[in-house]
Structure formats: structure tokens, C-alpha cells
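A.B. asks: Protein sequence lines correspond, in order, to chains A, B and C. For the numbering used here, count along the first sequence from 1 and bump the result up by 1469. For the numbering used here, count along the second sequence from 1 and bump the result up by 953. For the numbering used here, count along the third sequence from 1 and bump the result up by 4.
Simulated from the structure, these hints should not be mistaken for laboratory data. Beta carbons are placed, not taken as given, at the ideal position from N, Cα and C, and that holds for glycine. Wrong hints could be hidden among the right ones.
Among the chain C residues that face chain B by a calculated CB cut under 8 Å, a handful are [stated by the list, open to error]:
| hint | residue |
| --- | --- |
| 1 | S12 |
| 2 | E33 |
| 3 | P43 |
| 4 | V44 |
| 5 | V49 |
| 6 | I63 |
| 7 | V75 |
| 8 | V91 |
Okay, the calculated bits of chain B under chain A, using three or more residues with CB under 8 Å as the criterion [stated by the list, open to error]:
| hint | segment |
| --- | --- |
| 9 | 984-994 |
| 10 | 1003-1014 |
| 11 | 1022-1034 |
| 12 | 1043-1053 |
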Amino acid sequence: YGRTTTEAPAQQPGQQRKAEMKLLYGARAAVIHGLETAMQMEFDASCDLRQPKLWPTIPLKL
Amino acid sequence: MEDGVDDKTQNNDILQSTSTTNDDRLSQEQEDRSFLRERFLHFLKGIQGKRTHFKMYEKTEVDATFQLSDIDGQNFLVSDLETPMGTQPQAMLRCADIISCSVDIGTGEHKM
Amino acid sequence: SANSENRSPGFWRSYVYKEVEVTTVDGREHRGWVHTVDPVSESVVLVHFEEDRQKTVEIVMGHAVKGITVVNEDMDSHREELDHMFVTADDTNFSK
């Protein structure tokens, strides 16, 4: 909290995410983390491949 | 001094039981959250490739084939989106624009 | 999310297996049996069991939910079906 940006991060970002997942999901954290990672990777890969266009172009709900 | 010892023991017992209660509450919360989240992720996986009807803001309704969602639930990747202006083969819908989506999942039997 | 109050997972889980009516910001009502509520987006997954066994599943986006009321508390009437709906062979491999 009191840390300034010039200091080196105490942890790797991945480690922090892992700790968050552990706190949120406890014993099932690894399973859920695995499911989420797989899904996000598939989403990202699919976006690269399909190049979807946002629809509608302008958000309906601003 | 025996009273003092008893008090201390009792205090420790209280501390012990309070922390057990907190641990129990946390693990119950984690259990509930995992149950809900895993089911949701499996549901998203399960509707992949299914024709979906989207009800959106501004009385907009469209049909598309559901593909994937990002994990934060910000966007849905769809294909063959039928818009009033024609069909868009690949499209991204903003979840913030959507109110509800219905998917026909067919009969009760599921393939293994 | 439209709900400023951060509801607990236990609160959302209490709806699972029950029949509810969800009202949305556009004034519509969505009735169905709760499969799950995503704890991240608070989106509700409802299943409609039709008489001809044709099932429809509806996802009501968390940000659009105005209210939720239980209309049938009988958690056993569709439990089995709700549990097995989206389970695939992949999932069983995953939990090994």
C-alpha cells in the first residue's frame, strides 16, 4: 500500500493472481484457475484468428 | 493465581473457537464460490456453437452462434450474427449492451 | 455491477435448484430454475424445462438484474437434471 512505483515488486504478478485465486476459491483454486486460463487462451486465439468486429460499433449502453 | 490461569485458558479457548469460526466461514464461502463459478464456466463451455438469442438495450434483439466469453465476462465472441444490416460472420458483443440471452440446448440427453 | 452491495457466494448459492423470477432493468421478467449464479459477474443462469423435453437456458446479465424472487422452493424437483446439464467427458478428466 505504501510502496512507491520505483521499488521492485515483492512478487511476480502471476504469483499474486495465484494467491488471490487461493483466497477466493480455496481447495478448488487450481482447477478453476486452469479452466479460466484455458478459456481465456481459447478466446484470445479465436479473436486473433477470426478478427471479430465489435457490434454494434457504438455501445448501446453508455 | 489459579483464577488467572483459568482465565487465560478460557481466553485461549475463546480465541481458538473464534478463529475456527472464521476459518469455517471462509472455507464455506470458498466452497460456495467454487461451486457457482465452476458451474458457470462449464455452462459457457456447454453453449459453445449454439444458436443464441440476445436481448439488448434500446430494444435491440439479435441472433448469433455463441462461441466464447472472456473470463471477466466483458465480451462475447459470436459468429453468424444476424443484424438488421445483414449477417456479420464474426462479431464481438459487449456484455454491457446485453440484458439476457437464451439458448436452445435441445433434449435432455447429453453426449459423452 | 448495478448492485453496489457485494452479495456473498452463500447468498447466491441459496438460489441454486430453486425456481425464481428475475426482473431486469427493461421491466421484463425471466422465470426459470437456477443452474448457477456467476460469482464474478453475478449473471444468473436459468433453465426452462418445457413439456416436450426441449430445454432452453437463459443467462440474465448481472448488471441488468433488478430483483430476484423465489417462486418454487422445491430444490429436489430438477436437481439431477440441473447437475448434469453441462458436464462433459472433458470435465471428468479434469478432476482426476
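A.B. asks: Work down the list of hints and note, for each, if the structure agrees.
C.D. replies: Against the structure, the hints:
{"no.": "1", "hint": "S12", "verdict": "6 Å, holds"}
{"no.": "2", "hint": "E33", "verdict": "11 Å, violated"}
{"no.": "3", "hint": "P43", "verdict": "5 Å, holds"}
{"no.": "4", "hint": "V44", "verdict": "6 Å, holds"}
{"no.": "5", "hint": "V49", "verdict": "5 Å, holds"}
{"no.": "6", "hint": "I63", "verdict": "5 Å, holds"}
{"no.": "7", "hint": "V75", "verdict": "17 Å, violated"}
{"no.": "8", "hint": "V91", "verdict": "7 Å, holds"}
{"no.": "9", "hint": "984-994", "verdict": "holds (count 6)"}
{"no.": "10", "hint": "1003-1014", "verdict": "holds (count 4)"}
{"no.": "11", "hint": "1022-1034", "verdict": "holds (count 7)"}
{"no.": "12", "hint": "1043-1053", "verdict": "holds (count 7)"}
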